[in-house]
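K.L.:
Note that the protein sequences, when read in sequence, are chains R and Y.
FYI, the numbering used here numbers position 91 of the first sequence as 131, with every residue one higher than the one before it.
FYI, the numbering used here numbers position 103 of the second sequence as 89, with every residue one higher than the one before it.
Warning: the hint list may mix true and false statements.
[As the list claims (entries may be wrong)] Subject to a maximum C-alpha distance of 20 Å in a straight line, what follows is the list of computed SDA-like cross-link-like pairs (lysine to any residue):
{"id": "1", "chain 1": "Y", "residue 1": "K115", "chain 2": "R", "residue 2": "H89"}
{"id": "2", "chain 1": "R", "residue 1": "K82", "chain 2": "R", "residue 2": "K122"}
{"id": "3", "chain 1": "R", "residue 1": "K120", "chain 2": "Y", "residue 2": "E196"}
{"id": "4", "chain 1": "R", "residue 1": "K82", "chain 2": "Y", "residue 2": "K109"}
{"id": "5", "chain 1": "Y", "residue 1": "K109", "chain 2": "R", "residue 2": "S76"}
{"id": "6", "chain 1": "R", "residue 1": "K133", "chain 2": "R", "residue 2": "E79"}
{"id": "7", "chain 1": "R", "residue 1": "K75", "chain 2": "Y", "residue 2": "S167"}
{"id": "8", "chain 1": "Y", "residue 1": "K166", "chain 2": "R", "residue 2": "E79"}
{"id": "9", "chain 1": "R", "residue 1": "K122", "chain 2": "Y", "residue 2": "E198"}
{"id": "10", "chain 1": "R", "residue 1": "K133", "chain 2": "Y", "residue 2": "K137"}
{"id": "11", "chain 1": "R", "residue 1": "K96", "chain 2": "Y", "residue 2": "K115"}
{"id": "12", "chain 1": "R", "residue 1": "K103", "chain 2": "R", "residue 2": "H89"}
{"id": "13", "chain 1": "Y", "residue 1": "K115", "chain 2": "R", "residue 2": "I94"}
{"id": "14", "chain 1": "R", "residue 1": "K96", "chain 2": "Y", "residue 2": "G108"}
{"id": "15", "chain 1": "R", "residue 1": "K99", "chain 2": "Y", "residue 2": "Y119"}
{"id": "16", "chain 1": "Y", "residue 1": "K201", "chain 2": "R", "residue 2": "H89"}
{"id": "17", "chain 1": "Y", "residue 1": "K202", "chain 2": "R", "residue 2": "D72"}
{"id": "18", "chain 1": "R", "residue 1": "K110", "chain 2": "R", "residue 2": "T71"}
{"id": "19", "chain 1": "Y", "residue 1": "K159", "chain 2": "Y", "residue 2": "L169"}
{"id": "20", "chain 1": "R", "residue 1": "K110", "chain 2": "R", "residue 2": "H89"}
{"id": "21", "chain 1": "Y", "residue 1": "K166", "chain 2": "R", "residue 2": "D81"}
{"id": "22", "chain 1": "Y", "residue 1": "K109", "chain 2": "R", "residue 2": "L66"}
{"id": "23", "chain 1": "R", "residue 1": "K133", "chain 2": "Y", "residue 2": "K159"}
{"id": "24", "chain 1": "R", "residue 1": "K133", "chain 2": "Y", "residue 2": "E118"}
{"id": "25", "chain 1": "Y", "residue 1": "K201", "chain 2": "R", "residue 2": "D72"}
{"id": "26", "chain 1": "R", "residue 1": "K120", "chain 2": "Y", "residue 2": "D195"}
{"id": "27", "chain 1": "R", "residue 1": "K82", "chain 2": "Y", "residue 2": "Y111"}
{"id": "28", "chain 1": "R", "residue 1": "K133", "chain 2": "Y", "residue 2": "Y119"}
{"id": "29", "chain 1": "Y", "residue 1": "K109", "chain 2": "R", "residue 2": "K110"}
{"id": "30", "chain 1": "R", "residue 1": "K122", "chain 2": "Y", "residue 2": "E199"}
{"id": "31", "chain 1": "Y", "residue 1": "K166", "chain 2": "R", "residue 2": "S129"}
{"id": "32", "chain 1": "R", "residue 1": "K96", "chain 2": "Y", "residue 2": "Y116"}
{"id": "33", "chain 1": "Y", "residue 1": "K109", "chain 2": "R", "residue 2": "K122"}
{"id": "34", "chain 1": "Y", "residue 1": "K109", "chain 2": "R", "residue 2": "E79"}
{"id": "35", "chain 1": "R", "residue 1": "K133", "chain 2": "Y", "residue 2": "L214"}
{"id": "36", "chain 1": "Y", "residue 1": "K159", "chain 2": "Y", "residue 2": "P140"}
{"id": "37", "chain 1": "Y", "residue 1": "K166", "chain 2": "R", "residue 2": "L84"}
{"id": "38", "chain 1": "Y", "residue 1": "K49", "chain 2": "Y", "residue 2": "D188"}
{"id": "39", "chain 1": "R", "residue 1": "K82", "chain 2": "Y", "residue 2": "G117"}
{"id": "40", "chain 1": "Y", "residue 1": "K109", "chain 2": "R", "residue 2": "H89"}
Read the hints as simulated data drawn from the structure, not as lab findings.
Please read these numbers as outputs of a predicted model, since none were measured by experiment.
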Amino acid sequence: MKALMIVVASIFFSSHLEAGNNKPELTDSFTDAVKSVSEEDKALVVTFHRHAAIYKVAKADPKFGEIKAKLEKAQKIDQKIKVVAIIPSMTIKEVKE
Amino acid sequence: MMKLIILAIFVSLGLEANELLVPNIKKIHEAVKKTGTSPCATCDGQTAQTERTADLDSPHNRKTIKLSVLSPARAQEVFNLLRDDEDNSFNYTIEGCFARAHRMAQLMDEMGIISGKAIVDGKFYMVSKYGEYGWSFHMASVVLVPDKNNKLIPTVFDPALFNHPVSFEEWKKRLMKDPKSELYSDYFTSRFHYGPDTRHIDLSEYNEDELEEAKKTNRDNRRMGEMLTMFETAPKKGRK
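Bound-form chain R, shown alone (with noise of 0.2 Å):
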């Protein structure tokens, strides 16, 4: 079963591939509270209360304002947040409020 769940995720990521301007993307989501938001020369640092990894937003990423938003002003009312993150380099994608 493993093996044939492995076989059809293949199958499902190469299409992703495809479709995707050839670049392949691997997202993990999650829901946590905004423990900390610092901003470096090339990224915002993000850490979460629950999620251990440190996070980043590209400061070139035509979102990095509103995400930015979305993340202080969570932290600021201590609100729980849906991340979309990519994998494995750790880049916040999208913030749902």
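Since chain R is already given, all that's left is putting chain Y on it; use the hints.
P.N.:
Frame of chain R, contents of chain Y only:
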């Protein structure tokens, strides 16, 4: 359309797999369910292994944690069982240490071993085959193991970083290996603590919601690890 069909197959297989992947957690023995109770104190013979316990002080959060004392050989044996647990997620260690440690605690409960959690807060940078990544905290299971002089050493089970049990000091040294890493605080909690935030609170049992969340996190992360492996091994497509 093709993608939708494949997705449907994948989802249905995923649902089936969820049922198959239900962790093999048996009923936790009453004797080990409560903090500080030796598994043999009220043992009715069902606990496979009985271990003696001793106290471990945690100055940072002002707690004293009662833990099982294991011989070095027994510690390695237990470590191997935890590392090889297919319901844990040691194939994806970038995220989810809290869920892995919770699963290890439950497995040790089944073995009649009272474990705790070793936790560090700070910035810890690791390098993997996927590149550099960081942790704002890290946690793993801890028990007590006597050294050559019979002194009890807090010993960490962390298959994400080591292939054998290591002293708490060696564990921290590994986490601080990268010059950019910074240690803010280190401490211990009982096995019932799911994350660092509750370190100042006394807990005497698991939170059912957190047990479920840990189970889901481990399942999702295990799949994430499998997918990353597929990404690595997938044949390169002709790129324009």
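K.L.:
With reference to the structure, classify each hint as holding or not holding.
P.N.:
So, going through the hints one by one against the coordinates:
no.: 1; hint: K115/Y x H89/R; in the structure: violated, 26 Å
no.: 2; hint: K82/R x K122/R; in the structure: violated, 23 Å
no.: 3; hint: K120/R x E196/Y; in the structure: holds, 16 Å
no.: 4; hint: K82/R x K109/Y; in the structure: holds, 18 Å
no.: 5; hint: K109/Y x S76/R; in the structure: holds, 12 Å
no.: 6; hint: K133/R x E79/R; in the structure: holds, 16 Å
no.: 7; hint: K75/R x S167/Y; in the structure: holds, 18 Å
no.: 8; hint: K166/Y x E79/R; in the structure: holds, 17 Å
no.: 9; hint: K122/R x E198/Y; in the structure: holds, 18 Å
no.: 10; hint: K133/R x K137/Y; in the structure: violated, 49 Å
no.: 11; hint: K96/R x K115/Y; in the structure: holds, 19 Å
no.: 12; hint: K103/R x H89/R; in the structure: violated, 23 Å
no.: 13; hint: K115/Y x I94/R; in the structure: holds, 17 Å
no.: 14; hint: K96/R x G108/Y; in the structure: holds, 16 Å
no.: 15; hint: K99/R x Y119/Y; in the structure: holds, 18 Å
no.: 16; hint: K201/Y x H89/R; in the structure: holds, 18 Å
no.: 17; hint: K202/Y x D72/R; in the structure: holds, 15 Å
no.: 18; hint: K110/R x T71/R; in the structure: holds, 14 Å
no.: 19; hint: K159/Y x L169/Y; in the structure: holds, 10 Å
no.: 20; hint: K110/R x H89/R; in the structure: holds, 16 Å
no.: 21; hint: K166/Y x D81/R; in the structure: holds, 16 Å
no.: 22; hint: K109/Y x L66/R; in the structure: violated, 25 Å
no.: 23; hint: K133/R x K159/Y; in the structure: violated, 33 Å
no.: 24; hint: K133/R x E118/Y; in the structure: holds, 18 Å
no.: 25; hint: K201/Y x D72/R; in the structure: holds, 17 Å
no.: 26; hint: K120/R x D195/Y; in the structure: holds, 16 Å
no.: 27; hint: K82/R x Y111/Y; in the structure: holds, 18 Å
no.: 28; hint: K133/R x Y119/Y; in the structure: holds, 17 Å
no.: 29; hint: K109/Y x K110/R; in the structure: violated, 23 Å
no.: 30; hint: K122/R x E199/Y; in the structure: holds, 15 Å
no.: 31; hint: K166/Y x S129/R; in the structure: holds, 18 Å
no.: 32; hint: K96/R x Y116/Y; in the structure: holds, 16 Å
no.: 33; hint: K109/Y x K122/R; in the structure: violated, 23 Å
no.: 34; hint: K109/Y x E79/R; in the structure: holds, 15 Å
no.: 35; hint: K133/R x L214/Y; in the structure: holds, 18 Å
no.: 36; hint: K159/Y x P140/Y; in the structure: holds, 14 Å
no.: 37; hint: K166/Y x L84/R; in the structure: holds, 17 Å
no.: 38; hint: K49/Y x D188/Y; in the structure: holds, 8 Å
no.: 39; hint: K82/R x G117/Y; in the structure: holds, 17 Å
no.: 40; hint: K109/Y x H89/R; in the structure: holds, 14 Å
This entry does not satisfy hints 1, 2, 10, 12, 22, 23, 29, 33, going by the numbered hints stated previously.
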